[in-house]
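Let chain A serve as the given structure and place chain B on it in line with the hints.
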Amino acid sequence: MGARVITITSGKGGVGKTTATANIAVALAELNKKVVCIDADIGLRNLDVVMGLENRIVYDLVDVVEGRCKLRQAMVKDKRVPDLYLLPAAQTRDKTAVSPQDMVKLTDELRPDFEYILIDSPAGIEWGFRNALAPADEVIVVTNPEAPAVRDADRIVGLIEAEERKIPVSLVINRAKSEMIRKGDMLSVSDVLEILSIQLLGVVPEDELILISSNKGAPLTLDDRKAPAGASFHAIARRLTGEKVPLDDLKPPGGVLRRLARLFGASVLSVWPVL
Amino acid sequence: MDDSITLKGINDGLLVTITPDGRWADVASRLTTLIDTQENFFRGAQVTLALGSREVRRHELANMQKALAKRDVVLRAVLGESDTTLNSARRLGLETELGAVTADASAEPIDPMPLRPPSIDPEEHGTPGVLIDHTLRNGRTVHSRGHAVILGDVNAGAVVVAAGDVIVWGRLRGVVHAGCEGDESAVVCALDLYPTQLRIAGYITISPEDKRRKPQPEKALVRNDRIEAEAWEI
Numbered sequence: 001m002g003a004r005v006i007t008i009t010s011g012k013g014g015v016g017k018t019t020a021t022a023n024i025a026v027a028l029a030e031l032n033k034k035v036v037c038i039d040a041d042i043g044l045r046n047l048d049v050v051m052g053l054e055n056r057i058v059y060d061l062v063d064v065v066e067g068r069c070k071l072r073q074a075m076v077k078d079k080r081v082p083d084l085y086l087l088p089a090a091q092t093r094d095k096t097a098v099s100p101q102d103m104v105k106l107t108d109e110l111r112p113d114f115e116y117i118l119i120d121s122p123a124g125i126e127w128g129f130r131n132a133l134a135p136a137d138e139v140i141v142v143t144n145p146e147a148p149a150v151r152d153a154d155r156i157v158g159l160i161e162a163e164e165r166k167i168p169v170s171l172v173i174n175r176a177k178s179e180m181i182r183k184g185d186m187l188s189v190s191d192v193l194e195i196l197s198i199q200l201l202g203v204v205p206e207d208e209l210i211l212i213s214s215n216k217g218a219p220l221t222l223d224d225r226k227a228p229a230g231a232s233f234h235a236i237a238r239r240l241t242g243e244k245v246p247l248d249d250l251k252p253p254g255g256v257l258r259r260l261a262r263l264f265g266a267s268v269l270s271v272w273p274v275l
Numbered sequence: 001m002d003d004s005i006t007l008k009g010i011n012d013g014l015l016v017t018i019t020p021d022g023r024w025a026d027v028a029s030r031l032t033t034l035i036d037t038q039e040n041f042f043r044g045a046q047v048t049l050a051l052g053s054r055e056v057r058r059h060e061l062a063n064m065q066k067a068l069a070k071r072d073v074v075l076r077a078v079l080g081e082s083d084t085t086l087n088s089a090r091r092l093g094l095e096t097e098l099g100a101v102t103a104d105a106s107a108e109p110i111d112p113m114p115l116r117p118p119s120i121d122p123e124e125h126g127t128p129g130v131l132i133d134h135t136l137r138n139g140r141t142v143h144s145r146g147h148a149v150i151l152g153d154v155n156a157g158a159v160v161v162a163a164g165d166v167i168v169w170g171r172l173r174g175v176v177h178a179g180c181e182g183d184e185s186a187v188v189c190a191l192d193l194y195p196t197q198l199r200i201a202g203y204i205t206i207s208p209e210d211k212r213r214k215p216q217p218e219k220a221l222v223r224n225d226r227i228e229a230e231a232w233e234i
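Sequence lines, in order, name chains A and B. According to my numbering, the first sequence is numbered sequentially starting from 1. According to my numbering, the second sequence is numbered sequentially starting from 1.
So here's chain B without its partners, still in its complex pose:
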């Protein structure tokens, strides 16, 4: 594969970056060929195209969208610096930025499974989520339409929002919202649970003042119409 097309897995599916040089027709056919050679990988995928400064007209983008749809690939969003490209995308009803998903409960319902479920043992039921393998520092944000698992700390000033559960294998100090689309059975687990603010579905709470005890794994959940924390039996 040449380097004019690069692929990256992101929260919203697959990010396909296309370098701005070369004719559109050429890169377009290269992309469809790529998909044809790896159809199992691409089937059902939600694709975001990052086009840089390239100018793409509406009919060109519409043809691409059709070509992708034929291959069972959904064109979800288009990123770029060219207004022509962004306008073409908008007129086709495509998004033009990542993470347009927000925790706002009034927002439209979101497909909780943007990705095809991974091929797991069919005897087991799994639900998709996002795995972050590092500490989230102040100012960083994670949005997940499924669960969110953080291998590291969530520092004060960081935000984790998930439609499902939030699991923090580390210290939780930031703001966390599990079940952001209204799932009251969602839970928040952390090795040391001391968030700035904790939300589950429509419930909001803050860590108790006197909670300066030895850190222990805890699980927060909605019970008796409020958020409670109990020992997290691992």
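Excised from the complex, chain A in its bound form:
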């Protein structure tokens, strides 16, 4: 048995994979789960920065794979929560220093001692993504409600579905701006789901505090759990543990009448004709 290995990926860069990994990890740890995060973005590591653990790194993933240290020696403990560790990526090497088999071996070694192993995948669909995918029991695809990000998410989901073993995939929509969605300037949650048609794990609103927390190296779920984005990541973590947390953020925009109209399958126009 042991830990569930969950890979967080997106295809496109800059949608918030690393932020999501850090925040979900901290939220899970706060639920008293034993968690380890692996930064699979070798050569461009930054999960350590977002988690605020950069200055405590001694060894890294490549050191472990190449036998320069024991796995335990490379793991950095986050002292702010009960049971959270980071296995940092190497900064001076490139992705080819690690193979998919290495990743499977590594996670197998960690499985007995943890409940969740989160892997922060690099952007793209090549080597680094293959490394991150190889050991995954499940995948979380992070996207933004904008066409290019959804396109890449669709590509990634297609690649995961084409794998011989069936890996469950769920979706986190990050940086949703309700005001823009209401005006029709941004894809809505249902627009995104219509294209991707995979299980929705959560919607995270755009939140300036995320940026501040990333700069400080203090994930929002740790620092300010009342911040809108922090609350969403907490809800996502609880859903991962199997708890039923309603997707509040899915509320269709508009007032009671609009929702009533939807309930009866009528279009909004037929209720309030434009004169």
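I should point out that these hints are in silico values taken from the structure, not numbers from a laboratory. Check each hint, because a few of them may be wrong.
Below, a list of computed lysine to aspartate or glutamate pairs in the EDC-like style, where the Cα atoms sit at most 20 Å apart [what the hints assert, rightly or not]: (1) Lys8/B x Asp83/B; (2) Lys214/B x Asp191/A; (3) Lys8/B x Glu163/A; (4) Lys8/B x Asp191/A; (5) Lys105/A x Glu146/A.
To give an idea of the interface, some chain A residues facing chain B are shown, with a C-beta separation under 10 Å as derived from the structure [said to hold, decoys possible]: (6) Asp152; (7) Asp154; (8) Arg155; (9) Leu159; (10) Ile181.
Idealized CB from N, CA, C, for every residue including glycine.
Positioned in the frame of chain A, the structure of chain B alone reads:
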């Protein structure tokens, strides 16, 4: 049947995968025995051999080709990681990759019926095609020498190319090319027809800008020297 030989139906016919261990002579005779015991299944089939890392010499492959031909089975292509094997295949004029078929109109004409027609009611005329039972996501491609039927959506970024018709039982958002070998009577049907680009034979068009209406089943065809869409009467 032991597990050193596995069979799979693919777009180009039958894919026969042979594990790289054991002597070639042994697996070769196992394969011919297998064909002899199921001759009705194999007769007329186009076979692609997937040999993994196994090294097969030219005369060995040539003997296999002859043995298959004797059983009315065509060896079409050989896939593998060994250069020896791939060179043997090339010297016998065999293909070494799948889907060497392209939509390129300048390419050589392709046999529109790579598979033996399925045994259907002889009173009805049928033409072969490819059935895909899932959504085609961004980056996925389907090539068919006959028709192509997709049970699911064709998302933006996906491509469907067929010598015959293309039927999409879902939303069509990607790029589609029907009649890719020049058949202007080919049609494209979808429950919601809004492709990035639509081609029939040599005609190319894009979805009209203002087409943000209620989705309805539509059929696109060549008429009056251009592509038109009309309601698809199902």
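Hint check results:
The straight-line distance between the Cα atoms of Lys8/B and Asp83/B is roughly 24 Å, outside the 20 Å bound, and the hint therefore fails. Among the hinted pairs, Lys214/B with Asp191/A is consistent with the structure: their alpha-carbon atoms are about 15 Å apart, no more than 20 Å. Taken as a hint, the Lys8/B and Glu163/A pair is honoured in the structure, with Cα atoms around 16 Å apart against an allowance of 20 Å. Our distance criterion of 20 Å between C-alpha atoms is broken by Lys8/B and Asp191/A, whose separation comes to about 37 Å.
Note on Lys105/A and Glu146/A: the hinted pairing is violated, with a Cα-Cα distance of about 37 Å set against a maximum of 20 Å. Below 10 Å, beta-carbon pairs count as interface contacts, and Asp152/A has one with chain B at about 8 Å; its hint therefore holds. Interface hint status for Asp154/A: upheld, as the beta-carbon distance to the closest one in chain B is roughly 4 Å, under 10 Å. Here the hint on Arg155/A is kept, as its CB sits about 4 Å from the closest CB of chain B, short of 10 Å.
Contact between Leu159/A and chain B, as hinted, is supported at the beta carbon level, the nearest pair being about 7 Å apart and thus within 10 Å. At a threshold of 10 Å, the smallest CB-CB gap from Ile181/A to chain B is about 17 Å, leaving the interface hint violated.
In terms of the numbered hints stated before, the structure departs from hints 1, 4, 5 and 10, listed from lowest to highest.
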